[in-house]
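Given chain H, work out where chains Y and D should sit, using these hints.
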Amino acid sequence: MTMLSVENLAVTRGGLPVLEGVSFALEAGHALVLRGPNGIGKTTLLRTLAGLQPALSGRISMPPETMAYAAHADGLKSTLSVTENLMFWASVYGTGAIDTALDRMNLRQLAERAAHSLSAGQKRRLGLARLLVTGRPVWVLDEPTVSLDAASVALFAEAVRAHLGSGGAALMATHIDLGLEEARVLDLAPFKARPPEEGGIAGSFDEAFA
Amino acid sequence: MIALLTRDLRLAVRAGGGFGLGLAFFLIVVTLVPFGVGPEGGVLARIAPGILWLGALLACLLSLDRIFALDFEDGSLDLLATAPIPLEGVVSVKAAAHWLTTGLPLVLAAPVFGVLLHLPQPAYFWLVVSLMLGTPALSVLGTFGAALTVGLKRGGLLLSLLVLPLYVPTLIFGAELVRRGANGMDTQVPLLMLAGITAACVAVVPFASAAAIRVNLR
Amino acid sequence: MSIWEYANPKKFMQTSSWALPFVTVGAVGCLAVGLFWGFFLTPEATNFGSTVKVIYVHVPSAMMAINIWVMMLVTSLIWLIRRHHVSALAAKAAAPIGMVMTLIALITGAIWGQPMWGTWWEWDPRLTSFLILFLFYLGYMALWEAIDNPDTAADLTGVLCLVGSVFALLSRYAVNFWNQGLHQGATLSLDKQENISDVYWFPLLLCIAGFVLLFVTLLLLRTRTEIRARRLKALEQRERMA
Numbered sequence: 001m002t003m004l005s006v007e008n009l010a011v012t013r014g015g016l017p018v019l020e021g022v023s024f025a026l027e028a029g030h031a032l033v034l035r036g037p038n039g040i041g042k043t044t045l046l047r048t049l050a051g052l053q054p055a056l057s058g059r060i061s062m063p064p065e066t067m068a069y070a071a072h073a074d075g076l077k078s079t080l081s082v083t084e085n086l087m088f089w090a091s092v093y094g095t096g097a098i099d100t101a102l103d104r105m106n107l108r109q110l111a112e113r114a115a116h117s118l119s120a121g122q123k124r125r126l127g128l129a130r131l132l133v134t135g136r137p138v139w140v141l142d143e144p145t146v147s148l149d150a151a152s153v154a155l156f157a158e159a160v161r162a163h164l165g166s167g168g169a170a171l172m173a174t175h176i177d178l179g180l181e182e183a184r185v186l187d188l189a190p191f192k193a194r195p196p197e198e199g200g201i202a203g204s205f206d207e208a209f210a
Numbered sequence: 001m002i003a004l005l006t007r008d009l010r011l012a013v014r015a016g017g018g019f020g021l022g023l024a025f026f027l028i029v030v031t032l033v034p035f036g037v038g039p040e041g042g043v044l045a046r047i048a049p050g051i052l053w054l055g056a057l058l059a060c061l062l063s064l065d066r067i068f069a070l071d072f073e074d075g076s077l078d079l080l081a082t083a084p085i086p087l088e089g090v091v092s093v094k095a096a097a098h099w100l101t102t103g104l105p106l107v108l109a110a111p112v113f114g115v116l117l118h119l120p121q122p123a124y125f126w127l128v129v130s131l132m133l134g135t136p137a138l139s140v141l142g143t144f145g146a147a148l149t150v151g152l153k154r155g156g157l158l159l160s161l162l163v164l165p166l167y168v169p170t171l172i173f174g175a176e177l178v179r180r181g182a183n184g185m186d187t188q189v190p191l192l193m194l195a196g197i198t199a200a201c202v203a204v205v206p207f208a209s210a211a212a213i214r215v216n217l218r
Numbered sequence: 001m002s003i004w005e006y007a008n009p010k011k012f013m014q015t016s017s018w019a020l021p022f023v024t025v026g027a028v029g030c031l032a033v034g035l036f037w038g039f040f041l042t043p044e045a046t047n048f049g050s051t052v053k054v055i056y057v058h059v060p061s062a063m064m065a066i067n068i069w070v071m072m073l074v075t076s077l078i079w080l081i082r083r084h085h086v087s088a089l090a091a092k093a094a095a096p097i098g099m100v101m102t103l104i105a106l107i108t109g110a111i112w113g114q115p116m117w118g119t120w121w122e123w124d125p126r127l128t129s130f131l132i133l134f135l136f137y138l139g140y141m142a143l144w145e146a147i148d149n150p151d152t153a154a155d156l157t158g159v160l161c162l163v164g165s166v167f168a169l170l171s172r173y174a175v176n177f178w179n180q181g182l183h184q185g186a187t188l189s190l191d192k193q194e195n196i197s198d199v200y201w202f203p204l205l206l207c208i209a210g211f212v213l214l215f216v217t218l219l220l221l222r223t224r225t226e227i228r229a230r231r232l233k234a235l236e237q238r239e240r241m242a
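Residue numbers (our numbering), protein chains in the order written: chain H, 1 to 210; chain Y, 1 to 218; chain D, 1 to 242.
For the record, the hints were derived by calculation from the structure and aren't laboratory data.
Be aware that a few hints might be false.
[Said to hold, decoys possible] Covered by chain H, per the in silico footprint, the following chain D stretches (three or more residues, Cβ under 8 angstroms):
no., segment
1, 110-121
2, 229-238
[Unchecked claim] Below 20 angstroms or equal to it, Euclidean Cα-Cα: the simulated SDA-like pairs (lysine to any residue) are:
no., chain 1, residue 1, chain 2, residue 2
3, D, Lys233, H, Gly15
4, D, Lys233, H, Gly14
5, H, Lys192, D, Ala153
6, D, Lys53, D, Val28
7, H, Lys192, D, Arg240
8, Y, Lys153, H, Gly14
9, D, Lys11, D, Leu219
10, D, Lys53, D, Leu31
11, H, Lys123, Y, Leu70
12, Y, Lys153, D, Asn149
13, D, Lys233, H, Leu16
14, Y, Lys153, D, Ala142
15, H, Lys192, D, Gln237
16, D, Lys10, H, Gly15
17, Y, Lys153, D, Leu205
18, H, Lys123, Y, Lys153
19, D, Lys233, Y, Leu70
20, Y, Lys153, D, Arg222
21, D, Lys53, D, Val199
22, D, Lys233, H, Arg194
23, D, Lys53, D, Leu205
24, H, Lys123, H, Leu16
25, D, Lys11, D, Arg82
26, H, Lys123, Y, Asp74
27, Y, Lys153, H, Leu16
28, H, Lys123, Y, Phe72
29, D, Lys53, D, Gly29
30, H, Lys192, H, Ala73
31, H, Lys192, D, Leu235
32, Y, Lys153, D, Leu138
33, Y, Lys153, D, Leu162
34, D, Lys10, D, Arg222
[To be verified] For each label pair, taking beta carbons as the anchor points, the in silico distance ranges come out as:
no., chain 1, residue 1, chain 2, residue 2, range
35, D, Glu236, H, His175, 25 to 33 angstroms
36, D, Ile81, H, Val185, 50 to 58 angstroms
37, D, Trp117, Y, Ala203, 40 to 48 angstroms
38, Y, Ala199, H, Arg194, 50 to 58 angstroms
39, D, Tyr6, H, Arg35, 18 to 26 angstroms
40, H, Arg194, D, Leu138, 52 to 60 angstroms
Where is the CB? At the ideal position from N, CA and C, for every residue including glycine.
Pulled out of the complex, with its shape left as it was, chain H reads as follows (with noise of 0.2 angstroms):
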């Protein structure tokens, strides 16, 4: 079953396109990473596949309500324990349900501790945790594995690999391998964005001009 597919898809970032033609789809049970330089438009698409800002053109077609975003931030509350940063997440989602979560990421022995207190890569495991409470099943994840080590990241691709196991997809996009041989990577390279008068999209003030 298709969980997402994007066809022809361009994205601007300040106004000017980014990347164009982007086309792909992503089944259940499959994990697609995104792979390129920096600054080529991973996050702009990310966070246009997530409705935080408008395509420039193409299509994205995905059943309503199955995504779940994972931003660079990780959006905790320092003052708040994590049992509360979780539940809040949970009850915003409508799930409720956050000891699987938990147990998963392996923050049972954290859960009373407030937020600030965690280091950088529990931070993260938490931040993660957040998507397992959400109970989408489509994760889009920027940079996920950023500030984990190397045990936390083995934790982490266990974590994809048990979501993809249950029927979910996965969207992310990484510069290091996760050791996740089943995923599919797309290099955004040949994607990126041509000049106007090479035959790109022209952004809406060129257009504006023409």
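Just chains Y and D, lined up with the frame of chain H:
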């Protein structure tokens, strides 16, 4: 949405200063006024309604820039915008949390501060009524200003410049209501106008705030 | 051929460069004749003395101060609905002109008020409303200045202009309620010409026409500058990405 409200209230309590700072500022304003205009009771009694309203308004303004700034910095605003609750609801809840932590304490403290300024006896009731009716509009409009300036580094001063002119009608009708109450005049017109402005603000302004947040997250 | 063709920056630049000399000459002509006529060729009014002559600046600038805000509201709406960049840039270009017009109206009003009412400033509803309008102009311009991304700035200032318009209007009525004033009612209306005698009426009309044309001239000039600056920014940005 209730979860968001409890989270914001909990954050305000834990961070400290949420309740305290605004109130302390209000007290300082009320304390400084007699130093400026002289300790004569008659003068103070006459300007007390205006000073109390102005003090409450400025105290409200103090904490506005924190409404969205913290959530913007730690990324929760992005996550809230992609969460299954409408952004209009998020900004309304944020405004409600701001009112509960800033506006409501001011309403409750205002009669006490009124004593310091020799507020005439009949005005106490109207002071509480007018602040109770008016401060929600201040929070909602402040949320709009905070939404406009959320991505900006030096947003604080700009926020005041944007929000204060929007406060003019509320201030006029609020202070007028207390003044009329103090003088035993008819209070119906300012009362209804104040309530009407607040009701309209609460109903409509969150849409503008949510639009501004969407633009700022883009 | 629709009116929206002029929303294309290229088309706008062509048309405006063609129109600019005409409106400039018109503005200078109307203002020169109107002001000279008004200042030197009209009799002094019996109960106002020579101070009456300030109306040739005061009334047109006050009219423009309000009309420019209305124009900004319309162009902001056009931007928010139809996403024409020229419209947003025109609103941006108009704001400082409107602010200066408001300032001129306030200052000339003070100059007139001093001999008439014996005070430079009175918290009269009309005066107060203009002061509030001035604050709205300041806030609007400050928001444009504060935001780097031009599209974000256009969107946010557009929303601010909408909300601000409602509150400016609301403030007008609130202020009216708050203090009944000294200021005379409107002297000018098409059906009540008897308020003002023809001797003052014609030069005043010329001055109003002059102020409108002056505004159009400045607006075209400033919008052209804004379009060029915006174009430059787009080109620079693309340069950086290539």
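Hints versus structure:
Coverage of the segment 110-121 of chain D by chain H is violated in this model, with 0 residues showing a Cβ closer than 8 angstroms to a Cβ of that chain against a need of three. Look at the segment 229-238 of chain D against chain H: 5 of its residues bring a Cβ nearer than 8 angstroms to a Cβ of that chain, three or more, so the hint holds. Of the supplied pair hints, the one linking Lys233(D) and Gly15(H) holds, its CA atoms being roughly 11 angstroms apart against a limit of 20 angstroms. Proximity of Lys233(D) to Gly14(H) is assessed by CA-CA distance (about 11 angstroms); at most 20 angstroms being required, the pair is judged to hold.
For the suggested pair Lys192(H) and Ala153(D), the alpha carbons sit about 27 angstroms apart, so the restraint of at most 20 angstroms is broken. As the CA atoms of Lys53(D) and Val28(D) are separated by approximately 19 angstroms, the hinted pair is consistent with the 20 angstroms bound. A hinted pair counts as satisfied when its Cα atoms are at most 20 angstroms apart, and Lys192(H) with Arg240(D) qualifies at roughly 14 angstroms. Between the alpha carbons of Lys153(Y) and Gly14(H) the distance comes to roughly 18 angstroms, so the proposed pair stays at or under 20 angstroms and holds.
About 16 angstroms separates the Cα atoms of Lys11(D) and Leu219(D), which keeps this hinted pair within 20 angstroms; it holds. Restraint check for Lys53(D) and Leu31(D): satisfied, since their Cα atoms lie roughly 14 angstroms apart, inside the 20 angstroms limit. For the suggested pair Lys123(H) and Leu70(Y), the alpha carbons sit about 17 angstroms apart, so the restraint of at most 20 angstroms is met. Annotation: proposed proximity of Lys153(Y) to Asn149(D) holds, straight-line Cα distance about 14 angstroms (limit 20 angstroms).
Note on Lys233(D) and Leu16(H): the hinted pairing holds, with a Cα-Cα distance of about 11 angstroms set against a maximum of 20 angstroms. A C-alpha spacing of about 14 angstroms is found between Lys153(Y) and Ala142(D), which places the hinted pair at or below 20 angstroms, so the restraint holds. Using a Cα cut-off of 20 angstroms, the hinted pair Lys192(H) and Gln237(D) holds, with the two alpha carbons roughly 15 angstroms apart. Our distance criterion of 20 angstroms between C-alpha atoms is met by Lys10(D) and Gly15(H), whose separation comes to about 19 angstroms.
Taking the CA atoms of Lys153(Y) and Leu205(D), the gap is near 47 angstroms; set against the 20 angstroms cutoff, the hint is violated. As the CA atoms of Lys123(H) and Lys153(Y) are separated by approximately 26 angstroms, the hinted pair breaks the 20 angstroms bound. Pair hint Lys233(D) plus Leu70(Y) does not hold up; C-alpha atoms about 31 angstroms apart against a cutoff of 20 angstroms. With a C-alpha separation of about 28 angstroms, the suggested pairing of Lys153(Y) with Arg222(D) is violated against the 20 angstroms cut-off.
This hinted pair checks out: Lys53(D) and Val199(D) have alpha carbons roughly 12 angstroms apart, not beyond 20 angstroms. With a C-alpha separation of about 18 angstroms, the suggested pair Lys233(D) and Arg194(H) falls inside the 20 angstroms cut-off, and the hint holds. Among the hinted pairs, Lys53(D) with Leu205(D) is consistent with the structure: their alpha-carbon atoms are about 13 angstroms apart, no more than 20 angstroms. In summary, the hint linking Lys123(H) to Leu16(H) is not supported, as the alpha carbons are separated by about 34 angstroms, beyond the 20 angstroms threshold.
Proposed proximity of Lys11(D) and Arg82(D) is supported: the alpha carbons are some 17 angstroms apart, at most 20 angstroms. Between Lys123(H) and Asp74(Y), the direct Cα distance comes to roughly 12 angstroms. Compliance with the 20 angstroms bound is thereby established for this hinted pair. In summary, the hint linking Lys153(Y) to Leu16(H) is not supported, as the alpha carbons are separated by about 23 angstroms, beyond the 20 angstroms threshold. At most 20 angstroms may separate the alpha-carbon atoms for a hinted pair to count; Lys123(H) and Phe72(Y) meet this at roughly 17 angstroms.
For a cut-off of 20 angstroms, the pair hint linking Lys53(D) to Gly29(D) stands: about 19 angstroms separates their Cα positions. Between Lys192(H) and Ala73(H), the direct Cα distance comes to roughly 25 angstroms. Violation of the 20 angstroms bound is thereby established for this hinted pair. Proposed proximity of Lys192(H) and Leu235(D) is supported: the alpha carbons are some 18 angstroms apart, at most 20 angstroms. Proposed proximity of Lys153(Y) and Leu138(D) is supported: the alpha carbons are some 19 angstroms apart, at most 20 angstroms.
A hinted pair counts as satisfied when its Cα atoms are at most 20 angstroms apart, and Lys153(Y) with Leu162(D) does not qualify at roughly 24 angstroms. A distance of roughly 15 angstroms separates the Cα atoms of Lys10(D) and Arg222(D); the hinted pair therefore holds under the 20 angstroms criterion. Checked against the given bound of 25 to 33 angstroms, the beta carbons of Glu236(D) and His175(H), roughly 29 angstroms apart, stay inside it. Taking the beta carbon of each, Ile81(D) and Val185(H) are about 42 angstroms apart, not inside 50 to 58 angstroms as hinted.
At roughly 41 angstroms, the beta carbons of Trp117(D) and Ala203(Y) sit within the given window of 40 to 48 angstroms. Taken as a hint, the range 50 to 58 angstroms holds for the pair Ala199(Y) and Arg194(H), whose Cβ atoms sit roughly 53 angstroms apart. Here the CB-CB span from Tyr6(D) to Arg35(H) is close to 46 angstroms, at odds with the stated 18 to 26 angstroms. At roughly 43 angstroms, the beta carbons of Arg194(H) and Leu138(D) sit outside the given window of 52 to 60 angstroms.
Checked against the numbered hints listed earlier, the structure breaks hints 1, 5, 17, 18, 19, 20, 24, 27, 30, 33, 36, 39 and 40; every other hint is satisfied.
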